[in-house]
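Participant: Each chain, written out:
There are 2 protein chains.
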Amino acid sequence: MINEKLNQAVRILKEKKVDLWLNFVRETSSSPDPVLDLILGTHVVWSSAFCLTRQGEKIALVGSLDVQNVKDHADYEVVGYVDSIKPSLLKLLDRLNPKRIAINYSTNDVTADGLSHGMYLILMEYLKETDFADRLESSEMIISALRGRKSKTEIEYIQGAIRETLLIFNAVTAVVRPGMTEFEVADFIKNQMKDKGLEPAWDPDQCPAVFTGPDSAGAHAMPTGRKIEPGHIMNIDFGVRYKDYVSDLQRTWYFMREGEIAPPEAVQRGFQVIRDSIKKAADCMKPGVEGRKVDEVARKHITDAGYTEYPHALGHQVGRKAHDGSTLLCPQWERYGKLPFSKVEAGQVFTLEPRLTVPGHGVATIEEIVVVNNDGCEFLSDPQEELYLIAFEA
Amino acid sequence: MINEKLNQAVRILKEKKVDLWLNFVRETSSSPDPVLDLILGTHVVWSSAFCLTRQGEKIALVGSLDVQNVKDHADYEVVGYVDSIKPSLLKLLDRLNPKRIAINYSTNDVTADGLSHGMYLILMEYLKETDFADRLESSEMIISALRGRKSKTEIEYIQGAIRETLLIFNAVTAVVRPGMTEFEVADFIKNQMKDKGLEPAWDPDQCPAVFTGPDSAGAHAMPTGRKIEPGHIMNIDFGVRYKDYVSDLQRTWYFMREGEIAPPEAVQRGFQVIRDSIKKAADCMKPGVEGRKVDEVARKHITDAGYTEYPHALGHQVGRKAHDGSTLLCPQWERYGKLPFSKVEAGQVFTLEPRLTVPGHGVATIEEIVVVNNDGCEFLSDPQEELYLIAFEA
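Here the protein sequences come in this chain order: A and B. Per my numbering, the first sequence starts with residue 1, numbered consecutively. Per my numbering, the second sequence starts with residue 1, numbered consecutively.
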């Protein structure tokens with residue numbers, strides 16, 4: 001996986017016309033740079049520079065004690081030092097003479113901001129008598145592309161996480177009954193995870209999140225002692241970690257009342273509006289479209305049907321984390337800054353998660369996961385086409 | 001523990017005449033600042049400022065979603081924000097009007113370098129139209145004192161780690177026999193840890209480190225398949241983690257040859273020289289003495305007895321990590337930079353770990369742990385007074 005991402009990074013450098021990408025780090029077990037998960041896969045102790053060039057060179061300058069470990073983990077030409085990294089770093093810069101040098105800091109994106117200020121000052125001290133200090137820029141656009149455009153292996157891992165999550169949703173459908181509390185449903189899911197040796201995709205207090213009925217909490221809350229009653233819509237927001245990649249999915253259940261043989265018209269319609277808004281949004285997903293355009297398609301479908309719009313983005317990227325950063329499918333609201341205008345790219349993996357309220361019953365919401373390809377997108381999750389119906393029990 | 005450290009930090013600000021200590025962080029689960037283990041004990045998501053003043057104010061500016069969690073973990077006056085941290089930060093600075101502001105970066109000490117360069121740029125942008133930008137300095141001297149000077153609770157935790165380690169050393173003495181390999185001794189210790197639910201104090205590949213006989217590897221190496229033979233000196237370097245604090249100790253064993261009723265004179269003498277060098281070093285430990293002076297006492301005792309000097313420092317601080325940073329008991333060698341001149345302070349916890357080679361037998365080395373008090377130091381580890389002798393077995 002690391003070597004796939006290293007080769008991809010070189011292609012991104014060519015595309016962005018950056019000559020050298022320099023990641024400067026030290027003692028990464030206590031001061032981790034999040035990008036090292038993508039381009040190294042282990043830790044280093046002494047000050048180290050992981051350097052990729054537009055020409056495809058991959059060079060790691062590391063302390064002598066770290067040499068073997070780095071060689072064992074990633075496909076770098078590894079140069080060890082004993083006293084100081086400065087001579088080998090200056091020698092490398094002199095040889096490459098890069099015009100544009102991207103370094104690992106960012107004001108916008110925490111996942112691209114692994115350079116500490118102390119390390120920045122050390123780098124400036126090293127470069128003070130060279131021309132290179134004036135050629136530095138943030139590598140956030142490189143990291144955004146590298147993190148966003150998933151490799152084949154990364155997509156396989158995300159698919160693994162999706163598969164495990166959907167199996168657990170199926171198990172929930174088999175056991176959930178009116179009278180159970182949100183806590184009890186969450187505990188059932190936690191036990192399933194435990195049996196399968198799976199970790200939750202985010203904060204275990206809210207993963208799974210379980211919401212039942214018309215009075216349930218909003219999104220991002222902990223399960224409560226609230227009981228499932230006939231006539232409730234229940235939804236669950238849940239994902240698992242699989243080989244360090246995660247899923248993030250939502251499904252909706254309806255609990256039949258005594259004598260019902262189908263959900264009420266209002267519940268059925270709410271569910272279908274959500275389902276169809278996701279299909280429409282997916283239909284317009286393709287490389288080059290702005291995130292806000294995709295959001296608008298789903299949002300308009302829902303408001304046109306007479307419902308209140310959802311108070312959040314339509315979807316976010318998924319990867320090593322449930323919120324994997326960068327391009328977002330969000331409306332043009334002030335709090336989202338420039339993100340609504342960022343463009344969808346092939347290889348990005350997004351959630352699609354609109355919601356609406358069915359008065360008196362609860363919240364209808366589905367969260368699917370799609371991967372963008374060259375001329376559209378495809379679903380990685382088997383989409384929920386119908387409400388999961390649970391029979392009445394007194 | 002956190003509140004103990006917060007009160008201590010205020011005392012350190014008074015001593016260092018710093019008006020405000022400002023720790024600026026965000027998304028600390030992916031970008032941790034090591035000092036938060038001492039002054040917060042949990043994570044925050046949005047940009048946050050943890051501010052301590054010389055007058056004793058403790059103020060946390062955090063995102064609204066982080067307010068309750070911060071309140072639950074540490075004794076701050078918590079101010080939540082929704083849109084941006086900037087207004088509350090500028091308001092606080094205007095009210096306090098601090099002359100000296102220490103912020104969380106350091107070129108020297110990675111444990112004091114939690115500020116990312118992106119966050120530094122954001123802070124500079126916030127302060128650009130104020131007088132405060134010119135009043136910033138590194139907080140490394142504050143963090144060094146705060147991390148170094150252990151509170152009562154921290155010392156109790158270190159004592160817990162020491163107690164568990166010495167119990168395991170006793171168990172080793174009861175089972176170790178000639179013919180066992182270094183691997184087997186290490187496995188026995190790992191099983192003891194597992195039974196007791198203990199984690200190793202450092203890299204599990206080298207914790208425990210086991211060295212037997214005259215041909216064993218130097219320090220900091222993995223156990224091998226080398227067999228313990230009669231006539232060998234064996235030493236073990238080992239520590240455990242107890243409530244997030246660690247021990248780091250060494251003990252020495254001698255394996256009697258057939259017919260021996262005591263160790264050979266050379267082995268006995270080597271052990272005693274090490275033991276006495278530690279006592280002498282401890283006798284001169286007190287607040288204000290330079291680290292190099294303490295090292296010199298032990299080093300001279302060993303070379304005066306005719307042995308080669310040890311190729312490392314006499315001792316380092318112990319705390320949340322086995323190498324807890326800052327003041328070191330080390331010789332005035334170039335690689336140690338300014339550290340030999342740093343002064344011992346009350347409350348610091350140090351190892352004392354000289355070594356010497358007994359030709360034909362192995363390495364005699366003991367590592368004890370002491371805490372500095374107001375007029376000297378006291379041993380936290382029950383010192384090894386005599387070689388641990390293992391009877392001959394064919």
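By construction, these hints were calculated from the structure, which means they are not laboratory data. Cβ coordinates follow ideal geometry from the N, Cα and C atoms, glycine included. Check each hint, because a few of them may be wrong.
[Claimed, not checked] With a cut-off of at most 30 Å between alpha-carbon atoms, the simulated DSS-like pairs for lysine-lysine come out as follows:
#1 A:Lys190 x B:Lys91
#2 B:Lys196 x A:Lys196
#3 A:Lys17 x A:Lys338
#4 A:Lys128 x B:Lys190
#5 B:Lys196 x A:Lys194
#6 A:Lys243 x B:Lys194
#7 B:Lys190 x A:Lys71
#8 B:Lys91 x A:Lys338
#9 A:Lys194 x B:Lys243
#10 A:Lys343 x A:Lys58
#11 B:Lys128 x A:Lys338
#12 A:Lys338 x B:Lys86
#13 A:Lys196 x B:Lys14
#14 B:Lys194 x A:Lys196
#15 A:Lys243 x B:Lys128
#16 A:Lys190 x B:Lys194
#17 A:Lys190 x B:Lys71
#18 B:Lys58 x A:Lys243
#19 A:Lys91 x B:Lys338
#20 A:Lys190 x B:Lys243
#21 B:Lys128 x B:Lys243
#22 A:Lys194 x B:Lys194
#23 A:Lys86 x B:Lys338
#24 A:Lys128 x B:Lys194
#25 A:Lys194 x B:Lys190
#26 A:Lys91 x A:Lys71
#27 A:Lys300 x A:Lys338
[As the list claims (entries may be wrong)] What the simulated footprint calls covered on chain A by chain B, stretch by stretch (three residues with Cβ under 8 Å from a Cβ of chain B suffice, anywhere in the stretch; the number is not a length):
#28 99–108
#29 307–314
Participant: It remains to establish, for every hint, whether it holds in the given structure.
Facilitator: Results of checking the hints against the structure:
Distance check on the hinted pair: lysine 190 of chain A and lysine 91 of chain B sit about 45 Å apart at the alpha-carbon level, beyond 30 Å; violated. A threshold of 30 Å between alpha carbons decides the hint, and for lysine 196 of chain B with lysine 196 of chain A the separation of about 26 Å falls inside it, so the pair holds. At most 30 Å may separate the alpha-carbon atoms for a hinted pair to count; lysine 17 of chain A and lysine 338 of chain A meet this at roughly 23 Å. Using a Cα cut-off of 30 Å, the hinted pair lysine 128 of chain A and lysine 190 of chain B is violated, with the two alpha carbons roughly 49 Å apart.
Note on lysine 196 of chain B and lysine 194 of chain A: the hinted pairing holds, with a Cα-Cα distance of about 23 Å set against a maximum of 30 Å. Taking the CA atoms of lysine 243 of chain A and lysine 194 of chain B, the gap is about 25 Å. The hint holds against a cut of 30 Å. A threshold of 30 Å between alpha carbons decides the hint, and for lysine 190 of chain B with lysine 71 of chain A the separation of about 28 Å falls inside it, so the pair holds. Restraint check: the Cα-Cα separation between lysine 91 of chain B and lysine 338 of chain A comes to about 27 Å, which is no more than 30 Å; the hinted pair holds.
Of the pairs offered as hints, the one joining lysine 194 of chain A and lysine 243 of chain B holds, with about 25 Å between alpha carbons and a cut-off of 30 Å not exceeded. Annotation: proposed proximity of lysine 343 of chain A to lysine 58 of chain A holds, straight-line Cα distance about 29 Å (limit 30 Å). With a C-alpha separation of about 23 Å, the suggested pairing of lysine 128 of chain B with lysine 338 of chain A holds against the 30 Å cut-off. For the hint pairing lysine 338 of chain A with lysine 86 of chain B, the CA-to-CA distance comes to about 19 Å; that is within 30 Å, so the pair holds.
A threshold of 30 Å between alpha carbons decides the hint, and for lysine 196 of chain A with lysine 14 of chain B the separation of about 54 Å lies outside it, so the pair is violated. Using a Cα cut-off of 30 Å, the hinted pair lysine 194 of chain B and lysine 196 of chain A holds, with the two alpha carbons roughly 23 Å apart. Taking the CA atoms of lysine 243 of chain A and lysine 128 of chain B, the gap is about 44 Å. The hint is violated against a cut of 30 Å. Taking the CA atoms of lysine 190 of chain A and lysine 194 of chain B, the gap is near 25 Å; set against the 30 Å cutoff, the hint holds.
A threshold of 30 Å between alpha carbons decides the hint, and for lysine 190 of chain A with lysine 71 of chain B the separation of about 28 Å falls inside it, so the pair holds. Taken as a hint, the lysine 58 of chain B and lysine 243 of chain A pair is broken in the structure, with Cα atoms around 41 Å apart against an allowance of 30 Å. This hinted pair checks out: lysine 91 of chain A and lysine 338 of chain B have alpha carbons roughly 27 Å apart, not beyond 30 Å. Pair hint lysine 190 of chain A plus lysine 243 of chain B holds up; C-alpha atoms about 27 Å apart against a cutoff of 30 Å.
Restraint check: the Cα-Cα separation between lysine 128 of chain B and lysine 243 of chain B comes to about 43 Å, which exceeds 30 Å; the hinted pair is violated. Between lysine 194 of chain A and lysine 194 of chain B, the direct Cα distance comes to roughly 21 Å. Compliance with the 30 Å bound is thereby established for this hinted pair. Pair hint lysine 86 of chain A plus lysine 338 of chain B holds up; C-alpha atoms about 19 Å apart against a cutoff of 30 Å. Proposed proximity of lysine 128 of chain A and lysine 194 of chain B is contradicted: the alpha carbons are some 51 Å apart, above 30 Å.
With a CA separation close to 25 Å, the supplied pair lysine 194 of chain A and lysine 190 of chain B stays within the 30 Å bound. Simply put, lysine 91 of chain A and lysine 71 of chain A have alpha-carbon atoms about 21 Å apart, close enough for the 30 Å limit, and the pair holds. Between lysine 300 of chain A and lysine 338 of chain A, the direct Cα distance comes to roughly 21 Å. Compliance with the 30 Å bound is thereby established for this hinted pair. Note: the region 99–108 of chain A has 4 residues with beta-carbon separation from chain B under 8 Å; the three-residue rule is met and the coverage holds.
A stretch counts as covered by a chain when three or more of its residues have a beta carbon under 8 Å from one of that chain; for the region 307–314 of chain A and chain B the count is 0, and the coverage is violated.
Hint violations for this structure: numbers 1, 4, 13, 15, 18, 21, 24 and 29, all remaining hints satisfied.
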